[in-house]
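Residue numbers (the numbering used here), protein chains in the order written: chain A, 1 to 262; chain B, 1 to 262; chain C, 1 to 262; chain D, 1 to 262.
Since the hints were derived computationally from the structure, they do not count as laboratory data.
Glycine included, each C-beta is placed from N, C-alpha and C at the ideal position.
There's no promise every hint is true.
[As the list claims (entries may be wrong)] A few chain C residues that don't get close to chain D, going by computed Cβ distances all over 12 Å: (1) Lys5; (2) Phe44; (3) Lys68; (4) Lys79; (5) Gly97; (6) Glu103; (7) Thr104; (8) Glu129; (9) Ser142; (10) Leu143; (11) Lys145; (12) Asp153; (13) His157; (14) Asp205; (15) Val206; (16) Arg233.
[To be verified] Here are some, though not all, of the chain A residues that point toward chain D, as calculated from beta-carbon distances under 7 Å: (17) His98; (18) Leu138; (19) Val156; (20) Leu171.
Protein chains: 4
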Amino acid sequence: MTVIKVLQKPKLKNPILIVGLPGIGNIGRVGVGYLIDELKAKKFAELYSEHFFPFVILEENHEVKLLKNYLHYWKAKAKGRDLIFLTGDCQSQSSEGHYHMVETVLDFAKKLGVNDVITIGGLATGEVEEKPVVYGTLSEASLEKKYGKYKIDFGVHKKVGYIVGAAGLMLGLGRERGMKGICLLGETSGFPIVTDPKAAGAVLDVLLKIIGIKVNMKELDSRVKEMESFIKRIEGLQKKAVMEIVKDSKAPAKKDELRYIG
Amino acid sequence: MTVIKVLQKPKLKNPILIVGLPGIGNIGRVGVGYLIDELKAKKFAELYSEHFFPFVILEENHEVKLLKNYLHYWKAKAKGRDLIFLTGDCQSQSSEGHYHMVETVLDFAKKLGVNDVITIGGLATGEVEEKPVVYGTLSEASLEKKYGKYKIDFGVHKKVGYIVGAAGLMLGLGRERGMKGICLLGETSGFPIVTDPKAAGAVLDVLLKIIGIKVNMKELDSRVKEMESFIKRIEGLQKKAVMEIVKDSKAPAKKDELRYIG
Amino acid sequence: MTVIKVLQKPKLKNPILIVGLPGIGNIGRVGVGYLIDELKAKKFAELYSEHFFPFVILEENHEVKLLKNYLHYWKAKAKGRDLIFLTGDCQSQSSEGHYHMVETVLDFAKKLGVNDVITIGGLATGEVEEKPVVYGTLSEASLEKKYGKYKIDFGVHKKVGYIVGAAGLMLGLGRERGMKGICLLGETSGFPIVTDPKAAGAVLDVLLKIIGIKVNMKELDSRVKEMESFIKRIEGLQKKAVMEIVKDSKAPAKKDELRYIG
Amino acid sequence: MTVIKVLQKPKLKNPILIVGLPGIGNIGRVGVGYLIDELKAKKFAELYSEHFFPFVILEENHEVKLLKNYLHYWKAKAKGRDLIFLTGDCQSQSSEGHYHMVETVLDFAKKLGVNDVITIGGLATGEVEEKPVVYGTLSEASLEKKYGKYKIDFGVHKKVGYIVGAAGLMLGLGRERGMKGICLLGETSGFPIVTDPKAAGAVLDVLLKIIGIKVNMKELDSRVKEMESFIKRIEGLQKKAVMEIVKDSKAPAKKDELRYIG
Chain A
1 MTVIKVLQKP KLKNPILIVG LPGIGNIGRV GVGYLIDELK AKKFAELYSE
51 HFFPFVILEE NHEVKLLKNY LHYWKAKAKG RDLIFLTGDC QSQSSEGHYH
101 MVETVLDFAK KLGVNDVITI GGLATGEVEE KPVVYGTLSE ASLEKKYGKY
151 KIDFGVHKKV GYIVGAAGLM LGLGRERGMK GICLLGETSG FPIVTDPKAA
201 GAVLDVLLKI IGIKVNMKEL DSRVKEMESF IKRIEGLQKK AVMEIVKDSK
251 APAKKDELRY IG
Chain B
1 MTVIKVLQKP KLKNPILIVG LPGIGNIGRV GVGYLIDELK AKKFAELYSE
51 HFFPFVILEE NHEVKLLKNY LHYWKAKAKG RDLIFLTGDC QSQSSEGHYH
101 MVETVLDFAK KLGVNDVITI GGLATGEVEE KPVVYGTLSE ASLEKKYGKY
151 KIDFGVHKKV GYIVGAAGLM LGLGRERGMK GICLLGETSG FPIVTDPKAA
201 GAVLDVLLKI IGIKVNMKEL DSRVKEMESF IKRIEGLQKK AVMEIVKDSK
251 APAKKDELRY IG
Chain C
1 MTVIKVLQKP KLKNPILIVG LPGIGNIGRV GVGYLIDELK AKKFAELYSE
51 HFFPFVILEE NHEVKLLKNY LHYWKAKAKG RDLIFLTGDC QSQSSEGHYH
101 MVETVLDFAK KLGVNDVITI GGLATGEVEE KPVVYGTLSE ASLEKKYGKY
151 KIDFGVHKKV GYIVGAAGLM LGLGRERGMK GICLLGETSG FPIVTDPKAA
201 GAVLDVLLKI IGIKVNMKEL DSRVKEMESF IKRIEGLQKK AVMEIVKDSK
251 APAKKDELRY IG
Chain D
1 MTVIKVLQKP KLKNPILIVG LPGIGNIGRV GVGYLIDELK AKKFAELYSE
51 HFFPFVILEE NHEVKLLKNY LHYWKAKAKG RDLIFLTGDC QSQSSEGHYH
101 MVETVLDFAK KLGVNDVITI GGLATGEVEE KPVVYGTLSE ASLEKKYGKY
151 KIDFGVHKKV GYIVGAAGLM LGLGRERGMK GICLLGETSG FPIVTDPKAA
201 GAVLDVLLKI IGIKVNMKEL DSRVKEMESF IKRIEGLQKK AVMEIVKDSK
251 APAKKDELRY IG
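Given the sequences, and given the hints that come with them, work out the whole structure.
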């Protein structure tokens, strides 16, 4: 049960899917969130799923909030390409959930004409970086010709071995659908609760060059601070929830069960 | 596999769904249980699910009892609105289960004409309250006009960040189906095994004003005591079961598996 | 994925389903196993499932053995009722699995004309009993008229609160299909690895009176000893497997995941 | 969601399926990998699944790599039988996943005309063996006539009780589809990270005799060393991932949940 609720059916011109979900340093989440705001991108679909945590958030306006992911679109002014942004409150909480969610989004994006995907994440170094490097990894090696001209360090495989969750699976499962993609990772300290606007800014600088758009970056710091309080809250709640929630009890082992009855 | 067994198909007039399942202080469970008794509401559907614990309860009349949720209806005397009550022995034991169960019930309720949902739960304060506050949170902020006139404290988001399980998801997933809802939370100490009739009474006072019905509240304490022994028993059994049941063993990690064979 | 492989389609006369799966003291497993042998009941269906452990057993004849449950039938000589026996190597290892398996078997049995179910299990007392009591619990209280005449103690709810797994769910979920049932529990010490032929014998004595059949009980002890070595082996392997298998890793918590990448 | 992506539809002559997936000593993985290289077998299908870990590997060529299994075929020169090889990056990470994956592959193989399956694995002895024994176990005992003439020790059941994962389930579930099979297990120390070319060589010697093919074995050691670095990397990442990933949090126990709200 993963539902995409379509609010509007935009006609898009060769759109690029840009993915920024919660993750390390929340670089993808706040970077994409900032772009959506600055570009006044329009929300056109919402997504919720049994793979998210089974709770609702209590909001300041006295509403409950179902955990969701959101799709926004932005139409290019002239001959440029349109953009679709995927962001949201959380990622899946199970392995299968990660696969399901990414496939659900990719199948939906495919129908909207998406052939190119850019995902944004963070790479934890454990240290505070003055000038965060932007690392990149590709859905296929041949794309290095296209992306080689930007200030991207492709040596990320020397730093870490894998990318967990949507940022990586979007490329891997996207390739299976004939999509081409890059994952941009901002170097960050990786303290989980710290949202890192500097790393987000570094990644956005590269991203904006790739998509050929200019955006006023002056508000990034203050906007990230605004976003941070909400992100921190959900993050904190999930952590609390994980701790509260008793470890899965689906496997009654014969031995223990037998101690009682049956 | 979640089965709703329909015993009777009532025709209902603009019915309100009132949800009281086991939870903190069992306020929803005993509050709704008391209303069902006092109003002589009629059971018309039962629900069981693979998402419940895989055991049966041994009852005093020598029967086994499958874990279930129940739907009762009550027809208003004159021009009032009819009511549907959801209560039961337990909630789901898995994340996905919570989503499944709530969606199953909401889809069923939708067909019966339900557009309004009231859920009841508890808010644990850790202290014994002389006069328990009734907190409220809404499926959408605009409902504060409607519910603002009752003695409900909407500052609950300052106390806790989320609502786990059916009480919250009913509103969140209900809104996705165009339903409007409120969750009423009775302030209670939160000691898990203590069923709190005082908090249940405080919530019922507010609920009865909202639905415009008078009910004799004199029997609440004694009825709660009766209900408590059964609730305590299931609760105790589930706790015991959780402890007995060995943590899920679904992920044979390569490393460990390799130590043996394959 | 739960497969019932039908080897033969017997025509049965008002058959009773008798269930004896591994469990406490393995009373059901060895009791039903003994009856199958003595009555020369015929295997007519096998059942395997993704809900069982993901391994094969290495047998002495150099074969691997898939974990299975088995259905045998026995045709009554004269005007008596035919019997179906369910036994097997294991029960499900997950909560949902227990529900699935029991429902799969009951739906299959229903098609064969089964309206009555007798399940056999053990009740652990922690002490070695000279004359083990046979406890009983019913799918519905009205059956006490029928079963009251046998030497069954219906006070089991005073000893334990629930029955985990198939022995109980067969009655609970069977009732939802209009089936009537009794669960017979042999009093046993409950040391998990000890198969208890005395308790199995006590339960068989009652069972045989209920179904009105005479069976030579002299071989029980020696046959149980034969069965025990195989049962112990699977039991031991499952325990070993549970310990080897790393706890489920399906929920990448944001916090931890973030420490790395994504 | 388990996808088999067919790249080519070979017509095969009575093909044998040979399975070598990661496992103890990686004997199956490197043995089959070596055969694929030496025989220049052609990849014709790829398989990925929600049952694999939810991450992508970062490769040296700057690509991400989705975790996959692979099917290669080799056409016999003259009147011999064609071969299909199953190998890959990983096995399933859940119990149900093991069953699903094996059934998916077997159903696919059946359509290609496969009636015989040979799986390769390792048997951990804890000691470094100078001349590793090749153990064997069969899908059905009658096959001992056929396989008895090779240097295979069928006393493996005296050493271990079961085979976890694909190597065993391929035989067990294959038999349900009328397939005949043998599992060859190379005796190895079983230190999980050590890939054991000597044991792989011993198994290949037997395997090549069974399938009646000659292959230059001189490159085995050096090729295994090449393969090892990649295998070690995935293995290490999975171990790291398992440790990072918080134990499954799917079962909110009433008790704990109640401490908060709902």
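Structure-based check of all given hints:
no.: 1; hint: Lys5; result: violated, 7 Å
no.: 2; hint: Phe44; result: holds, 16 Å
no.: 3; hint: Lys68; result: violated, 9 Å
no.: 4; hint: Lys79; result: holds, 38 Å
no.: 5; hint: Gly97; result: violated, 9 Å
no.: 6; hint: Glu103; result: holds, 17 Å
no.: 7; hint: Thr104; result: holds, 15 Å
no.: 8; hint: Glu129; result: holds, 31 Å
no.: 9; hint: Ser142; result: holds, 32 Å
no.: 10; hint: Leu143; result: holds, 31 Å
no.: 11; hint: Lys145; result: holds, 36 Å
no.: 12; hint: Asp153; result: holds, 31 Å
no.: 13; hint: His157; result: holds, 21 Å
no.: 14; hint: Asp205; result: holds, 34 Å
no.: 15; hint: Val206; result: holds, 35 Å
no.: 16; hint: Arg233; result: violated, 6 Å
no.: 17; hint: His98; result: holds, 4 Å
no.: 18; hint: Leu138; result: holds, 5 Å
no.: 19; hint: Val156; result: holds, 6 Å
no.: 20; hint: Leu171; result: holds, 5 Å
Of the numbered hints given earlier, the model fails hints 1, 3, 5, 16; all others are met.
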